[in-house]
Each structure stands twice: as C-alpha cells, then as structure tokens.
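A.B. asks: Assemble the complex: chain A is given as a structure, and chain B must be docked to it using the hints.
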Amino acid sequence: MLDTVALYFNEQFRVWVVSVLFALGLAASPAQAVIEIEITQGGENAIPIAIVPFGWSGSGSPPEDIAAIVTADLQRSGNFAALNRDDLVANPVSGDVPRFANWRLSGADFLLIGGMRPEGSGYVVEFQLFDVLQQALLSGFSFQVTDQTLRSAAHQISDEVYEEILGIPGAFNTQIAFVSVSGKVGERTYKLQLADADGENPQAMLTSPRPILSPAWAPDGIRIAYVSFENRTQSAIYIQNRQLGSRIKVISREGINGAPSWSPDGKRLAITLSYEGSPDIYVVQIESGTLRRITDSAAIDTEPVWADDNTIIFTSDRSGGPQLYEVSARGGRAERITFEGKYNASATVSPDGSSVAFVHGAGSGFQIGVIDRPTGLFQTLTQGTLDDSPSFSPNGQMIIFATEKNGRGTLGALSLDGSVSQSLTLDDGGSVREPAWSPYSQ
Amino acid sequence: MKKISFVAVLVTSTLISACGSLPQRGGDDASAQDVIPLSNDSAVVRPVTIDGVQDFENIDPNSIAGKAPADRVIYFDYDQAELRAEFLDIVAQHGRFLAQNPAGRVRLEGHTDERGTREYNIALGEARAKTIARMLQLQGVNAVQTRTVSYGEELPVDDAHNNDAWAKNRRVNIIYETAVQN
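Just so you know, the sequences run in chain order A and B. Residue numbers for the first sequence follow numbering that gives the first Met the number 0, beginning at 0 and rising by one. Residue numbers for the second sequence follow numbering that gives the first Met the number 0, beginning at 0 and rising by one.
A portion of the hints provided could be inaccurate.
What the simulated footprint calls covered on chain A by chain B, stretch by stretch (three residues with Cβ under 8 angstroms from a Cβ of chain B suffice, anywhere in the stretch; the number is not a length) [what the hints assert, rightly or not]: (1) 191-205; (2) 222-232; (3) 367-374.
Which chain B residues stay away from chain A? Per the calculated CB distances, all over 10 angstroms, these [said to hold, decoys possible]: (4) Ala64; (5) Gly94; (6) Arg114; (7) Asp163.
No wet-lab data here; the hints were simulated from the structure. We treat Cβ as the ideally placed atom computed from N, Cα and C, and that holds for glycine.
Pulled out of the complex, with its shape left as it was, chain A reads as follows (with noise of 0.2 angstroms):
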C-alpha cells in the first residue's frame, strides 16, 4: 500500500520535492524494500499531469491502488510533476468525458483516468489518457489482470504515458537485480534479489553463505550470470534460470572466475579468468565451453563489457592505475578510451551504445561518471565517496549504482539529465549492492 504521497515546493532550493514512502512487499517476502524518493529539479522542466484515482466496481476497497502506482512512477522518472490528490477539480473515471477547461486551470498539461471491474477470478483494468491542452484522447488500453499481475497493469500503464507523452519508451515494467548482505561478519547471509524496478517484490533467487557478485542479465531477461565463492577455496562462474530454479556451473579454473558479461546474442559471455597468469579477458561459449582469450598482458584486465556484438570495454592498470580500454571481441590491440581522473573502472554501456558510465576516482573518492561516446565527453553524475556498479535502465535514461548511506549499502538511480535522484534500501537492516537492470521482457 502506498503510505504517502507528498509534493511540494522547497522555495529555499526552488525546487519541486516529490516524497514517496513505500512500505511494501508480499508477505511471503523475507526481506521488504522501503524506497525513499528524493526528486530534485527546476519544476518547470517536469511535466503537469493530473492522476486521478481509477474507479471500482468490486465490493469493498480496490486490490490495488493503480492511480498511486502510476504517479510514483512517472514522479520516480522526473520528467513528470503529478498534481496532489487533494487538489483535483475533479475525479472523473474509466468512460467519463472530462471537463478540459477545468483540468487546464488546474494547471494540468495531460489527464489519466481509469477504472477497475472484478471478472472471473481477476479484474480488467482500464484507462485513458488525455491531452488536456488539445483536448484529445491520446491513449486507452483495457488490461485483464489478476491479483498477481496488477501492480505489472500499472506499471505497463507508466510505460505507455511515458512513452506516448516523451516519445521514449518507459522502463517501470522492468526489474532490477542486486546482492544483497546481512548478519555480522562471520555469519553472513548472501542473496541475489530480484526486484521490480519500483523496488516492490523483493525475491531471493540464491541464497549462500558465502559471497555473491556481478549479477549480469542474459538478454532473455530469464538467465543470470554471476560469480559465486559457495566453494571456500575456488570461485564459479554459474549461470541461474530464475524461473527454473535451475543453474549450471559455467567455469572454475585456479584462480579468478570473475566478472561475467553476456554477449548482445546471448550465446557468450565475456569473462576474467587467471589461470594462464595475470587477470586476462576471455570470451567462454556457453554452450560448448570453448575458451578464446582475449587479452594478454601482465598487467590486470577484467570487468568486461559488450559495447557491441564486435567489441569489448575493459578495465586494464596496463599504464599504471585503472582504466577503460576498447578491444574487439575477438581479441587484438586495445584502445585506452578514459584519461580523466586516475581511476576509471567497471564500465557498463547503455543500451543504445552511445554512452558509457563507469567509476571515476580522481582523489576524493570514487563516482559514476559517463563519457558520450561519439565525443568523448565526460562528466561525473554522482556526488558519493563510494560508488559503485552502473546500470542504465533498458530505455537509457536512467542509471542505477551502489553507493553507501549511513554506513550501509543503498542504491542509488539518477536519470542521465540530471533531474531525479532516489535511493533504495532495504528495511532488513542489510546492505544492498550491485544493482543490474533487466532487460525488456521478451
């Protein structure tokens, strides 16, 4: 259930403050997210939007309350400014014809409205969307849903109001995967989550008492790679189906098996291995196991990363410290690609190729920072001392990251323009850490 909803003006900082508290969670879930939203940006950039309610036709109060759901979301994206409940003129529903002038003087560019019906064992949801300045429908889909799957409706429902709005598409049907720790050191639990990207729904996938890392999404959305030290004295590279519960072991020479990363294909994955000497990169054939080495030198290189089905972004200390360097997938002379700061590490690019984020190090602890590729720009997105793991959403716009909040692990989201930060923590008491967006479900 949504607990609050607060949006007001900080005439101090000029700027609009969206709160959003959640308390959620399926009671079968062990660990519950609570997500703090911190919105900052000029108001005039977010869009007005009035989010009314959704009507309901069942007996007693709705399963779900989809209006409140849509509004975190846009609210979470900051490109939109959702007017506050209490100030609605008025609380049209699904089929309704709104009053344009009254939602245009209220300040609101676009209208959603909504209902919601019991049938069979389920319900339908539906909704429209308006623009109230041209005084259109934009958009109404009708969605048949069950208890399962409404908060799916909802976001799916942000989705097409984003996209029909932006001419983006929308991210908040997806889900996020990240490590997560608790207990005292020595008894130390370890899970690989997954949960929606509104940090609903947290699910424990694996659970070991040894550590977990680099959480990497097939394409498929269904398999993920990561390292697990469930042996003591040698590391593993698995591969897990989170539907079937089923994994298999990918690679466990002496040494480091580390850093996964799939190929844009889904057939390979990009790793680190040590066998042979120093940290080197490889590219293992999942279904075969056949090895090619990718690198070759003394020094370390690891955290691989696809920037296309031909190249590879890896981190190397080759010239000294750590730093991003370009090779193609199958193998050859690299290229540095970060000369910015004397610590450039743990590259991830953005779906569209265009942009990469990594850690920056220049002194004073360690940020997200992103070059644009066809320039070579740089600038440092984050503020903190310890971040860490970039992801970008499916869409591109945003960025996930761990970063460190009152000496626990939290994540952290920014969109790429600068207008929304959030955090993430866990209410467990744990630490979170390595966050990966999914891909779009296929």
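C.D. replies: What follows is chain B alone, placed relative to chain A:
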C-alpha cells in the same frame, strides 16, 4: 468541445510485443480484442539455497597446521600488492616452515578494502596473494604447496568505512589447509 469516442481502444505494437511471448493465462476469456491478457510469469522466481558449507575447522595442535608460525596475516598499503618491509620476517618464518614440512599446504587468501570496484579488487587481492606465494617459493617452498584465492573486498574483517577498518581489511590470510576442505 471535441467529441471523444471510447469505443475504439488502441492497442500499440509495443504492448503486444511486451506480452507476445508470455503464456496467455486467462486469454480464453478475452472476448474483445482490446483486452490484453497480462501474465506475470516473467516475474516468477524459483529460489536456490546453498547451505552445508563449513567455514571453521578444528585444527589439531600436533598437525602441520597446528605447529605452523602463529602470525598468519600480512597487511598491505592502499592499492598496492608489494610486501611491506615489516612483514618480511613473518613471510620468511612461513617460508622456512613450509620448506621443512613439504607435506604442508597453504591457501593464500587475498583481500582488499572496499574502495574501488569489486572485480578490480578481486584482481588486486589476487596480486597480493601471489606476492606472498612468490616470496614463499623464493624461500624454497614448492609451488604445489601454495595456492591462491582472492575475495577482493567481499570478506572484510571490519565493516566500518574508515581508515582503521580499511587498513585491517587490506590483507593476505595464510591458511594452513587441513584434510577436510570444501
């Protein structure tokens, strides 16, 4: 006011493709084309739990592991894998002991502090462990007596985020392997 029709409900290709490969649960009930059956099967998670791992071993004081030199932690400077001069003596003690006890086996566990990226720290921890392995071999220890594993920043001994904690966490643990390992 412009007249608005609600009869035709738009279904975009985006939403169709988003649902296209999912099992159409309840799809038979969908009488109208504009009702989209929504399955949440993609969100199903079947959990896997790993247990039964034993971290602490009882060491027989009369075994090689029990008799080996007591100082078994070597500390490192930030972002460095070079041995600090003050630890030369401890490494030398282990080198002499292992050379005299060729049946002895050590696992060198490399660790780092939390600063920097996790996988880079795995590599840095390995470099530290390999530094100690090289030093031992220079003392006449056979290569088969040593193995290295790096945990990077994953197993700190001190959770705090300050210089004291970081100094304790940048280390190599020299672990004498006993018969039972997993």
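A.B. asks: Are the hints correct? Go through all of them and say.
C.D. replies: Status of each hint after checking the structure:
1. 191-205: With 7 residues close enough to chain B, the hint holds.
2. 222-232: The restraint on the stretch 222-232 of chain A holds, since 6 of its residues have a Cβ under 8 angstroms from chain B and three suffice.
3. 367-374: violated (count 0)
4. Ala64: holds (15 angstroms)
5. Gly94: At roughly 21 angstroms from the nearest Cβ of chain A, Gly94 (chain B) sits farther out than 10 angstroms, so the non-interface label holds.
6. Arg114: Not fine: 7 angstroms to the nearest Cβ puts Arg114 (chain B) too close to chain A.
7. Asp163: holds (14 angstroms)
Hint compliance for this structure: hints 3, 6 are not met, and every other hint is.
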